[in-house]
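Novice: Residues per chain are reported as follows:
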Amino acid sequence: MSTVAEQSHTAGGSVLDQVGENIINHVSNTYTSDPAEFHPIIYFPDLFDIAEGHDMFNILYSLSVTKHVLMLWVVFILIACAIIIPVRKYLNQEKAIPSGWMNALESVVKFIRDSIVQPNVGSKHTETWAPIILTFFFFILFANGIGLIPVFDLLGVLNRFLFQVPATNDHNLINLLLHGGATVTGNFNVTAGLATITFFAIMVAGSRTHGFINHWKNLAPHGLAWPVYIILIPIEIIGMFVKPFALTMRLAANMTGGHIAILAILSFMAIFADMFDSTVTGISVALFSIPMATAISGLEIIVVLVQAYVFTLLSAVFIGMAINVHH
Amino acid sequence: MENLHLFGVGLGLGLIVIGAGLGIGRLAAAAAEGIARQPEASDKITGAVNLPLFLLEGVAILGEVFALLIVLMK
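The listed protein sequences correspond, in order, to chains A and B. For the first sequence, our numbering begins at 1 and goes up steadily by one. For the second sequence, our numbering begins at 1 and goes up steadily by one.
Pulled out of the complex, with its shape left as it was, chain A reads as follows (with noise of 0.2 Å):
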């Protein structure tokens, strides 16, 4: 504990703005509101200009491979192996017998259909519209279990102690990995893209079921004196909107959240040991503090399930309100 604070004291920024910096740089991308000290993966340059003279944005928009991109490859190449490989050579068996993995798999896939998708599309609909929640299901399922594995803060320790990188190169590949295990769906982005699917799933779903114009006429009930619409069109039309926009910030939030208090939790024993300037402090601490995170990583397993659960939930019952319009 000593040596942070000492670290923090030469470095001359007190240890709770460290804390902070350390917390943030945890959760978000590879961000940094000074382009000179943006340090992304793999660097693209800008194709087509986007945001020129804009250094924040330049930022944004560039194409670089910053590290939620780079988990989003991890989490696609685990889903192929974990999924999409498994299921395809299932189905090309000759006798349709699962087996092992795909034993599993079935029963995830069955409860996803029969008690998710069923009840709220119908069963007429049950078929078209179980792909794309079982591809929620299983890709939110999969972010959100692959930030709970330290994988990438154990790999910075061999890092820093077995090849002895010094944790300010800001060249060297692990460095730019650091703070990771990232969590790709605490990122609004990616949520936000997920969300925007649901969003055009809802319209393609009314309108598959209603045609295109009666699905928008189905939005607000029909029969009610024409006051009533004044007020009612407008939150319908907002509603739409904020239906996914709900969506992404459950998901997003859900998932930055618990990285937020665990890190705070473990962080306590700094910042103790620098306001008493005793190391005993520090790690007395521990003794509270490193229980407690233990507590609230269990507590994010069970979130990590409920949030998959929830969006694919969700999204369906929304899918479903746009094909059992009942005004």
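Errors might be hidden in some of the hints.
Unchecked claim - Footprint (simulated), chain A over chain B, 3 or more residues, beta carbon under 8 Å:
#	stretch
1	8-14
2	29-42
Stated by the list, open to error - List time: in silico DSS-like cross-link candidates among lysine-lysine, alpha-carbon distance up to 25 Å:
#	chain 1	residue 1	chain 2	residue 2
3	B	44	A	89
4	A	89	A	110
5	B	44	A	124
6	B	44	A	110
Hints in this document: simulated from the structure, not taken from any laboratory. For every residue, glycine included, the Cβ atom is placed at its ideal position computed from N, Cα and C.
Use these hints to put chain B onto chain A, whose structure you have.
Specialist: Leaving out everything else, chain B in the frame of chain A:
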């Protein structure tokens, strides 16, 4: 006085917790009562409670996000 926004955020977070806690508590109480009266309907009751529970959670989380934004953006 320059850190007054932190005071507001703390107060707001407390209010969020009160609101969400009350809402979830009422939902859980009603569900438990319903299941106690009619155990065979427990699946239906759980299904009916789930959706408003998650919507409620979404509102609380939104409040927390905005609290965080106030702290970060000042």
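Novice: Now look at each hint and say whether the structure bears it out.
Specialist: Structure-based check of each hint:
Here the stretch 8-14 of chain B counts 0 residues with a CB under 8 Å from a CB of chain A, which misses the bar of 3, and the coverage is violated. Remark: the stretch 29-42 of chain B is not confirmed as covered by chain A, as 0 of its residues place a Cβ nearer than 8 Å to a Cβ of that chain, below the required three. Under the criterion of a C-alpha separation no larger than 25 Å, the hint pairing residue 44 of chain B with residue 89 of chain A is inconsistent with the structure, at around 37 Å. At roughly 18 Å between alpha-carbon atoms, residue 89 of chain A and residue 110 of chain A fall within 25 Å of each other, so this suggested pair holds.
For a cut-off of 25 Å, the pair hint linking residue 44 of chain B to residue 124 of chain A stands: about 21 Å separates their Cα positions. A distance of roughly 19 Å separates the Cα atoms of residue 44 of chain B and residue 110 of chain A; the hinted pair therefore holds under the 25 Å criterion.
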